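> Chain residues, written in single-letter form:
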Amino acid sequence: MARMKFICDAERCIECNGCVTACKNEHEVPWGVNRRRVVTINDGVPGERSMSVACMHCSDAPCMAVCPVDCFYRTDEGVVLHDKDLCIGCGYCFYACPFGAPQFPQAGAFGLRGKMDKCTFCAGGPEANSSEEEFRKYGRNRLAEGKLPLCAEVCSTKALLGGDADVLADIYRQRVLTRGKGAEIWGWSTAYGKPDAPAAPAPSAGGKS
Amino acid sequence: MTLTRKLPAAERGGRSAARLARPAQTATSAPRTMDRRAFLKRSGMTAGAGAFASALPFSMVGRAEASTASAAGAKVEVKRTVCTHCSVGCAIDAEVVNGVWVGQEPVFDSPINMGAHCAKGASIREHGHGEHRLRYPMKLVDGKWVRMSWDDALNEVSARLLKLREESGPDSVYWIGSSKHNNEQAYLLRKFVSMWGTNNCDHQARICHSTTVAGVANTWGYGAMTNSYNDMQNSKAIFFMGSNAAEAHPVSLLHILHAKENGAKIIVADPRFTRTAAKADHFVRIRSGSDIAILYGVLRHIFENGWEDKKYIEDRVYGMDKIRDEAMKWTADKVEEVSGVPDDQVKLIAETMAKNKPSTVVWCMGQTQHTTGNAIVRMMCNLQLALGNVGVAGGGTNIFRGHDNVQGATDVGPNPDSLPGYYGIATGSWKHWANVWGVDYEWLKGRYASQALMEKSGITVSRWIDGVTEKNELIDQDPNLRAVVFWGHAPNSQTRGKDMLEAMKALDTLVVIDPYPSATAAMAASARKDGVYLLPAATQFETEGSCTASNRSIQWREKVIEPLWESKPDHTIMYLFAQKFGFAEQLTKNVKVTNNEPSVEDILREINRGTWTIGYTGQSPERLKIHMRNMQVFDPKTLKAKGGIDKETGYVLDGEYFGLPWPCYGTPEMKHPGSPNLYDTSKHVMDGGGNFRANFGVEKDGASLLAADGSASKGADLQFGYPEFDHVLLKKLGWWEELSEDEKKKAEGKNWKTDPSGGIIRVAMKNHGCHPFGNAKARAVVWNFPDPVPVHREPIFSPRADLVAKYPTHEDKKAFWRLPTLYKSVQDQFANVGKDYPLIMTSGRLVEYEGGGDETRSNPWLAELQQNMFVEINPKAANDRGIRDKDMVWVKSPSGAQIKVQAMVTERVGPDTVFLPFHFAGHWMGKDLIDSYPEGAAPVVRGEAVNTATTYGYDSVTMMQETKTTVCQIMKA
Amino acid sequence: MKPLIATACVIALAAGLAGCGEKSQVVVYKQGQYQGKADGKPWDNEAFSGDKGNWETAIKARNQSQNEYRRING
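Residue numbers (the numbering used here), protein chains in the order written: chain L, 50 to 258; chain B, -15 to 957; chain S, 457 to 530.
Among the clues, some could well be false.
With a straight-line Cα cutoff of 25 Å, these simulated SDA-like cross-link-like pairs (lysine to any residue) come out [as the list claims (entries may be wrong)]:
hint	chain 1	residue 1	chain 2	residue 2
1	B	K564	B	A201
2	L	K196	S	R518
3	S	K516	L	M105
4	B	K59	S	D500
5	B	K631	S	A517
6	S	K493	L	D92
7	L	K196	S	T513
8	B	K415	B	A201
9	L	K196	S	A517
10	B	K667	B	G639
11	B	K621	S	N529
In short, the hints are calculated from the structure, not lab data. Because the structure is a prediction, the values reported are computed rather than measured.
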């Protein structure tokens, strides 16, 4: 059972913004809407680290919990999506999200009547897969094409990984072992257990799936 | 033979439907119009996007009509191309439906980028939109841009240029070519300019790595990156000095961070704590321009501790003792006085490099753009020679080039001092190329003002402004420049912007040939009323051709889409002008022309037939295309094919290196595999091995310049030093009879560089494992340069009067690249400039933009990420001036120019240095020039160009401009 | 993360308000029921002909493209 996750390797992220423009390109995301962005701490001083952030597709998603019209759902693969036809653009999810993922565009196909827009893990939305309607409202559905999010697939240093959590854990573990030092990734232990221990099994799908 | 793969439509589904540009129609049909308001809404443009003309390109119309377009039955074609933004050479699969570029997919198979892209590569599809492009030919009439037809434009421009040629001779026109042209276009432009009758041509390499090319080639043979991005995976230590690869070559970090993960130590020495420094093990902050002092300090530690490779130096290096003597003079306190770097940090660099071999060095503009650039880069070579790191996997000098094809344009393009393949411009070289071109040498000579001018290096792009404005009696050609053609080159990448504006005013004619109208158009329109022409050129996605990555691998781009708007490919424009100038027939003697478009493949075949010197002869279009469609067989660490048979042709790939990195010697039939690492004696020459080049004679001051006995490439029949091959040597060795009768006829009286049969090369390499260019020592001392042993000299504009007194610059030169060039007199005049201009001003790249930036600032996906031109200033320097973060400030330079930019207060720079990115243009000393662009074609983001404020100063060998170290003062606006 | 924060808030607020004798004002969210349109599965198309296993295999294979170790050592 695949469970889709992103992780970003801060040892590798160079803040090149390839993930950001890949997302813009793939989904025709309008100016002012950032489904993904790169955050840098200690900018310009030793200890500078960057990390690419978008919707983390939480297992227990706060946006889902607070939505007054219950427009969110989680797919079998663990991707958190929402129905824009139902969304009222209230912004409550924006309050709830710890990552600032929800975006509220003013214009364009994504922002009709100020509805919320966010990263879909390149999985489209609740319209027929790969239909025009889906593309206009949610962007391209790469998962249905057997592909993974373009941001992760084109990452310049393969810092941003996106896909099945088990596979990501394997890829990342190999790097950590090669480096010979601990898992520096932010939130790693929260998401996957302590680095020394074997990767925790993916949490079971919960919520409104 | 096509690289195109077809995917079933079902696989693509919604996206192609939604992005379908127009219902299945021909790609050449006229663009339809749409409601502008709707377009603006859809594209999400802000006010900065400017106005739009009534028509939109197909792709935009298509997206707008997405809801009604039907994808039923639409085929998705996949065209394999290569990113046009930097020299890494990232492959891209472009998805095209009905001629519209609808998607881009990563090419995981590429051994170079393995699917990876930076912000620029990941947004490359925007080139299929092109809403900020120059749409049709235009001219300036009474200060306004007016549309004109191609016919009128060609007629008017050619009439004006021919009139100037008549009145003032061919040297009155200056041709600025482009490192963004593909190899074939760059080559054709050099040929075109030669047939026009001048050497007054140049391109971005002059202001990018000219000092590298000259310095490195004079040290050991070829002036190029010795190894590759991929090969850095083999390095145990990597030393960056003057390179911010994380922003300038982001995908190189894929290999570098992989190396780091596997234990490589990374050191970054730079005036700025760059994003590359953030990934390093050690960061050493230096004073800009003090590289030579530091490198001597490093070498002193190496020699003092006996860390040098004594046998290597003995066998393969000439003159290292002189470098050693000089290094010993650079004591710890002297190094620190000049560079600000304490001795323990200098030692750390030395020790890390010496104890973690193979170790490599990387440099870029941070080292090249100085008056001493040629000497700085030779110091890097000397460091690597002392450590025995050259010709070794994981070692070498990894010189990261800038533009996607700046390496190729340097190799075969419009250079003022050489013909394709670095053949020089002496009579013999001209005869060689006249022969390849199939034209009469005497006719060619007749095109020039005189044989003397035919064999005299032209003016450089860094100095064209002086070619216009310098007193006529002081310049080393008859006329001043009266017309300039900017053919794919930004103006804001050259220094002394203030002087450039004056030069633009003084010109009779200014022509811009570019996909984007560029800052040239805006600058000219702000200062002139007429005499300026804009011609729309196609991008590299709208034509096909080959491009050479920094590692010398050559990749073939398929054409993705038809030229947008009324743009034409550069080689078509060259042909059209050649018709007007009356040499179209000579220009394309060996090239098929269809609808005014010369065959790109034919041009490459002609390059193959003439460029023996640097091995551009083996890379036939067929071989390159086979490599492009079989990328998966190449190993990303060695670039070598493990097995692999091309399905279409049955061609065996096994053992070849990806992109046949030059030198790929001999004819394509000889099947040389390309050279992944230069001068590598551990490999046979037919497996890409080699040794240092015998290009500087066989003896100097009684010492042999040839390699020592026992030092030769693996399996060579001659296991000692030997000179380059020619017909005489071949006969002496008794190998002449191995030539075929036909080869003998052609090779008689020739050397390996001029033998049109390739026979001499074949016999030397294939039969005897010997290198055609001989086997010599590298030169630590380059006696034909102004400073044979590198000398630290202060920049022309230095804030340190005490150091100027101790380390003065060169004496003035009277006629240098046809112009008087000042050193000492300017430095003396400004010896105390530090009083009023105490901050060192340096410049560099941002990851989102490239070059002059007109192209990337026109891409909204990129422009959104960097919306303001800025200056990085240290908190101390800012506080002393009452400046807060995000304040607008004036940056004032001793040239009298001042630019208004936003302050970014950061410790990234030290208190004595400020940094400005060089990609911005479109503002002029506080004023937005938006009204000076053709309507709707201004880039999304505009800002002050740093080079408006930069100052005088040029390298003493190549005329490289000194941008990396000048001075300024900053105050709140 | 959320449960931790919620718990912390509950404790903090409970402590702060204890003296007032009021009950906790923390909102306890209840998972609602998704009210929107049903979505299709990524394998319900021509390419994967409704076979989930097929799709998962394809995705896992594709996932390895993000691992340069595989391309370099493979």
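> A separate judgement is required for each hint: does it hold in the structure or not?
Hint-by-hint comparison with the structure:
no. : hint              : verdict
1   : B:K564 <-> B:A201 : violated (38 Å)
2   : L:K196 <-> S:R518 : holds (7 Å)
3   : S:K516 <-> L:M105 : holds (19 Å)
4   : B:K59 <-> S:D500  : holds (21 Å)
5   : B:K631 <-> S:A517 : holds (24 Å)
6   : S:K493 <-> L:D92  : violated (44 Å)
7   : L:K196 <-> S:T513 : holds (11 Å)
8   : B:K415 <-> B:A201 : holds (23 Å)
9   : L:K196 <-> S:A517 : holds (10 Å)
10  : B:K667 <-> B:G639 : holds (12 Å)
11  : B:K621 <-> S:N529 : holds (9 Å)
Of the numbered hints listed earlier, those contradicted by the structure are 1 and 6.
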